[in-house]
Amino acid sequence: MDAIQDYLLGLADDELILGHRDSEWCGRAPILEEDIAFANIALDEIGHADLWYGLLAELSGEDPDTYPDRLVYFREPMDYHNIQMVELPIGDWAFTILRQYLFDACEQVRLEALAHSQYTPLANIASKIVKEEFYHYRHTSVWVQRLGLGSSESHLRMQNALDDIWPYTAQMTQPMAGEDSLVQAGIVPDSSQLQSIWQAKVIPFLQECSLALPDLPGMALQREEHTPYLRVLIEEMQSVARSEANAVW
Amino acid sequence: MIDTQWPRFQVFVQEKPGAPHQDVGSVHAPDAEIALLNARDVFARRPECVSMWVVQADAIYSKTVEELQNRPTPKSDQLPVIRQTYYVAYKIKPAGTQTLVGSLEADSPAQAMEMAIEKYSGKVSPLVWWVFPAGLVIKSEPTEIDSLYAPAKDKTFRVSTDFHTFTAMRKLKDKS
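Quick note, the sequences are listed as chains G and A, same order. Just add 33 to the spot in the first sequence (first one is 1) and you have the numbering used here. Just add 560 to the spot in the second sequence (first one is 1) and you have the numbering used here.
Please note: incorrect hints may appear among the correct ones.
Stated by the list, open to error - Below 30 Å or equal to it, Euclidean Cα-Cα: the simulated DSS-like pairs (lysine-lysine) are:
#: 1; chain 1: A; residue 1: K715; chain 2: G; residue 2: K164
#: 2; chain 1: G; residue 1: K164; chain 2: A; residue 2: K699
#: 3; chain 1: A; residue 1: K576; chain 2: A; residue 2: K653
#: 4; chain 1: G; residue 1: K234; chain 2: G; residue 2: K164
#: 5; chain 1: G; residue 1: K161; chain 2: A; residue 2: K713
#: 6; chain 1: A; residue 1: K576; chain 2: G; residue 2: K234
#: 7; chain 1: G; residue 1: K234; chain 2: G; residue 2: K161
#: 8; chain 1: A; residue 1: K699; chain 2: G; residue 2: K161
#: 9; chain 1: A; residue 1: K713; chain 2: G; residue 2: K164
Please keep in mind that the hints were generated in silico from the structure rather than gathered at the bench.
Just chain G, same shape as in the assembly:
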């Protein structure tokens, strides 16, 4: 697989798995309004995944109408290239919101760079979805702020969430396989640059929200490595499609 295809698969799988996790809140979010908002965010993320899978299909000479479904519903968990942070269970609301915030901040930074990609189809998709990411970022950052600065319980839950998730965040900006050639060609941004922009964005904000950065090193993880949680998620996500493989939906 070419470097660009690998990169797109990573982007798409991150969005899909996070979108699926987010969808698990549907009907269970803290209040009705947030339930609707968060289900919208879940749908947006899955929609973004669909756009990346579609581009991947074109590059691979596959049918953009059917290839995304094949990748999503008929691939083995070990072939997923998402980062571990997005496959972790939803935890409590604090964990969910904080994960979404940290991911949205990174995605926004990445998409702003990808919008200037030398590869036009990629730049076009990035410019389109970055608009929605502004809204996601705004939505999750107001929640982080209110929970971080809220009651002692909400603050404690947020701090626990940050302690749990922080080591996983390093993988968001870990260079993807074969990225160097893409960076040199101006197709994708340099991951170390993304990391510093992302950190400059989230670290001061977390501190403003009275959350202490854990003194924990980031984990060096490969996109082929997964937690046992992914298998359970994939089995559930694929169960209906696999029960009747040739059904027309």
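Assemble the complex: chain G is given as a structure, and chain A must be docked to it using the hints.
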């Protein structure tokens, strides 16, 4: 008893530039900023929207035409005088919603309503009047249209029958 319910905010949507802001319903939120974000998700996902306003529902001074008929002379002199701008909205059809019609300066909500009735009941006979302080209204910014409201326009909306679920289920049933 402590009320643990978040306050309710009334939501107004403008569907296109130049159109009046229309009351679309309400959302609960801990504060106005979240109210505006919640309102976006509840009310602006499908229909078009170019501007959204929220105002805490208990800031709205509301009178039906029946209430106004039996009204005593407003004792506005007993209230502290705070001269400020009020927005005026009214509803004409029983099944309709409040339409924002303008704004005026007044010393109290009651006075604002008196003036509104004077100023805006021309050819129409509103059934319910609302006035609320302009200073309490939180509005979306024109620069936010792109990220908050525009993406919804491109979303395909599939009605449930599009999914052919019944056909698929029938086939499954026939096979078993």
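Results for each hint:
1. A:K715 to G:K164: Satisfied, since the Cα-Cα distance of roughly 14 Å is no more than 30 Å.
2. G:K164 to A:K699: 19 Å, holds
3. A:K576 to A:K653: Judged against 30 Å, a Cα distance of about 22 Å means the pair holds.
4. G:K234 to G:K164: Given that 30 Å is the threshold and the Cα spacing comes to 18 Å, the pair holds.
5. G:K161 to A:K713: 12 Å, holds
6. A:K576 to G:K234: Violated - the C-alpha atoms of K234 of chain G and K576 of chain A are around 34 Å apart, more than 30 Å.
7. G:K234 to G:K161: Holds, at roughly 22 Å.
8. A:K699 to G:K161: 25 Å, holds
9. A:K713 to G:K164: Since the Cα atoms of K713 of chain A and K164 of chain G sit roughly 13 Å apart, the hinted pair holds (cutoff 30 Å).
Of the numbered hints listed earlier, the single one contradicted by the structure is hint 6.
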